[in-house]
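Turn these sequences into a full structure, and let the hints guide you.
One line per chain: the protein sequences are A and B, in this order.
According to the numbering used here, the stretch in the first sequence is residues 1 to 265, in order.
According to the numbering used here, the stretch in the second sequence is residues 1 to 274, in order.
These are calculated hints, taken from the structure and not from any lab test.
One should not assume that every hint holds.
To be verified - If you anchor each label on the Cβ, the simulated ranges turn out as follows: (1) P184(B) - N63(A): 52 to 58 Å; (2) D213(B) - G208(A): 25 to 31 Å; (3) N79(A) - L256(B): 57 to 63 Å; (4) E165(B) - L195(A): 29 to 35 Å; (5) G256(A) - K168(B): 42 to 48 Å; (6) Q5(B) - E196(A): 38 to 44 Å; (7) P184(B) - L195(A): 53 to 59 Å; (8) S20(B) - G256(A): 45 to 51 Å; (9) N63(A) - S20(B): 31 to 37 Å; (10) S240(A) - R148(B): 40 to 46 Å; (11) Q145(B) - G208(A): 27 to 33 Å; (12) P184(B) - E196(A): 54 to 60 Å.
Unchecked claim - Sample of chain A residues at the chain B side, in silico, Cβ under 10 Å: (13) K199; (14) P200; (15) T202; (16) V211; (17) T215; (18) P218; (19) Q219; (20) V226; (21) E227; (22) G228.
Values in this document were obtained by computation on a predicted structure and should not be read as measured data.
Each residue gets a CB set at the ideal place from its N, CA and C atoms; glycine is no exception.
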Amino acid sequence: MAKLILSMDGLVLKEIPLTKERTTIGRKPHNDIQIDNLAVSGEHAVIVTILNDSFLEDLGSTNGTVVNGNPIKKHFLQNNDVVELGKYKLKFVGEAAAAVGAEKADFEKTMVLRPAAMKAAAEQAKAMTGGAAPQAAPQAAGAARATASHQAVASATAAGIADKDPRPAPALAARPAQPLGAIQLLSGNNAGKELELSKPLTTLGKPGVGVAVLTRRPQGYFITHVEGANRPAVNGQPISAAPHALKDHDVIELAGVKMEFFLKA
Amino acid sequence: MDLTQTLEIASCTDPGMVRSHNEDSVAADAANGLVVLADGMGGYNAGEVASGMATTVIVTEMQQVLASARPYDVDPRTSQEIAARLLREQVLKANTSIYQAAQSQPQYAGMGTTLVVCLFYDNRVLVAHLGDSRLYVLRDGKFKQVTRDHSLLQEQIDSGLITLEQAKNAQHKNLVTRALGIDPSVEPEMHEYRTKPGDIYLLCSDGLCDMVDDDDIGMALQALGGNLKLCAQQLVQMANDNGGRDNVSVILVRVLREYPAARGVMAKVFAWLK
Chain A
1 MAKLILSMDG LVLKEIPLTK ERTTIGRKPH NDIQIDNLAV SGEHAVIVTI
51 LNDSFLEDLG STNGTVVNGN PIKKHFLQNN DVVELGKYKL KFVGEAAAAV
101 GAEKADFEKT MVLRPAAMKA AAEQAKAMTG GAAPQAAPQA AGAARATASH
151 QAVASATAAG IADKDPRPAP ALAARPAQPL GAIQLLSGNN AGKELELSKP
201 LTTLGKPGVG VAVLTRRPQG YFITHVEGAN RPAVNGQPIS AAPHALKDHD
251 VIELAGVKME FFLKA
Chain B
1 MDLTQTLEIA SCTDPGMVRS HNEDSVAADA ANGLVVLADG MGGYNAGEVA
51 SGMATTVIVT EMQQVLASAR PYDVDPRTSQ EIAARLLREQ VLKANTSIYQ
101 AAQSQPQYAG MGTTLVVCLF YDNRVLVAHL GDSRLYVLRD GKFKQVTRDH
151 SLLQEQIDSG LITLEQAKNA QHKNLVTRAL GIDPSVEPEM HEYRTKPGDI
201 YLLCSDGLCD MVDDDDIGMA LQALGGNLKL CAQQLVQMAN DNGGRDNVSV
251 ILVRVLREYP AARGVMAKVF AWLK
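Below, the structure is given as structure tokens:
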């Protein structure tokens, strides 16, 4: 199902599925999408949805309706079109894109798939494929269940599946590439030896004497005391129980061994 | 038999980076060797209610029955140990409580929860689970998954429709095929394993295993096994650093020593003296 994503200043306010044939937009409360803002007319615009196609029509609003920067009277909505009403933006997400998006957003929501629902969906699927050739015999049952499951995913709510927390997950911010860190031993038997910190965790020290862990996180590297009576020191200062952020060229002292932390270019 | 000196337990639960509610619930009763983790589902706060009911009902009911019986007692009728029956009964009680609450109160309609429970006794661990919350074990440096998810994805893997590699990128990781509180009756999957001193057991919700590779989880357990509390926090932090799209919960249990059942009269006296 196609939908609109209402946002203001880049902040997503809500998602509106286009379920009705006519979806009205305006300031007055009787509208399907009410936008309480003086720049929006009482009856501002309407979206007419026929099968998979949606048309946007301005209803003679005072400030007009803008799609992708161009004022329009009537417009055939395409996937990713952005409708502007004053400070508000409505992004149109077409049927196919919405289906994919919905599954993506559902990624982390645990749902229960009930056998009854699966059976119903399977029958539905069978009815839809009609006289299509049956699946290879040994896999038939499994495959039919899998087809059913795809149906079930789409008709999840209809089939009585419990889902949790219907908020969509915000897109994760792309992380900047993190420079690789390393430590070089400054004292002890292996002085001069270098160790790259490419793993999410690297443990250092001797069990029973003093063990610390260096963790690689998006924010940088941290050192945490794990066990032993003596806490590791960074630049001469013993660290607290909490993880300690490491800076380039910090000197760590652990169980009598000194080492330097540095970031590789 | 009091297992507080035998099992070291640490847990951590966190809403994650995206969600405002924590629908996971964890509970532990070291004395009875019981740990429970549940990941709730259902609109509004129903998920929290379901997982909270699951952990509370199972822990309190188990405490009650274990006050007058020991898990390794033998049932004269079936000549089998009562542990599995006791645990199964308490899981079913929790199922009934959640199901009835969901039926009677409209705001809880459709709520349910995944579950993983471990009962430690007599050098063994009895595991019951439903849904996609998991149990892992680290033994002799090897980290492996003990439970098998009741999920669509697992069924697809089992039937050979998709490979493990494809499963990592699958879209519907979230569909579970068994859960607590959804139907009037439920059959928890139960298994028993021998434990070994030094083992570390990890119970976790899908918020951990979906966000962090098994290899990295194993590495964290190996590196930080000396400090379970820190290890639990580290696992949650790793899930959050990777995006933390779901609630993350972990319970870690380390077996410190052997804990054979005190069966004979002499053994009982000896256990009492200890």
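These are the hints, each one checked on the structure:
no. : hint                          : verdict
1   : P184(B) - N63(A): 52 to 58 Å  : holds, 57 Å
2   : D213(B) - G208(A): 25 to 31 Å : holds, 30 Å
3   : N79(A) - L256(B): 57 to 63 Å  : holds, 59 Å
4   : E165(B) - L195(A): 29 to 35 Å : holds, 31 Å
5   : G256(A) - K168(B): 42 to 48 Å : holds, 43 Å
6   : Q5(B) - E196(A): 38 to 44 Å   : holds, 41 Å
7   : P184(B) - L195(A): 53 to 59 Å : holds, 58 Å
8   : S20(B) - G256(A): 45 to 51 Å  : holds, 47 Å
9   : N63(A) - S20(B): 31 to 37 Å   : holds, 35 Å
10  : S240(A) - R148(B): 40 to 46 Å : holds, 42 Å
11  : Q145(B) - G208(A): 27 to 33 Å : holds, 31 Å
12  : P184(B) - E196(A): 54 to 60 Å : holds, 57 Å
13  : K199                          : holds, 7 Å
14  : P200                          : holds, 5 Å
15  : T202                          : holds, 8 Å
16  : V211                          : holds, 6 Å
17  : T215                          : holds, 7 Å
18  : P218                          : holds, 5 Å
19  : Q219                          : holds, 8 Å
20  : V226                          : holds, 5 Å
21  : E227                          : holds, 4 Å
22  : G228                          : holds, 9 Å
Against the hints set out earlier in the document, no violation occurs for any number.
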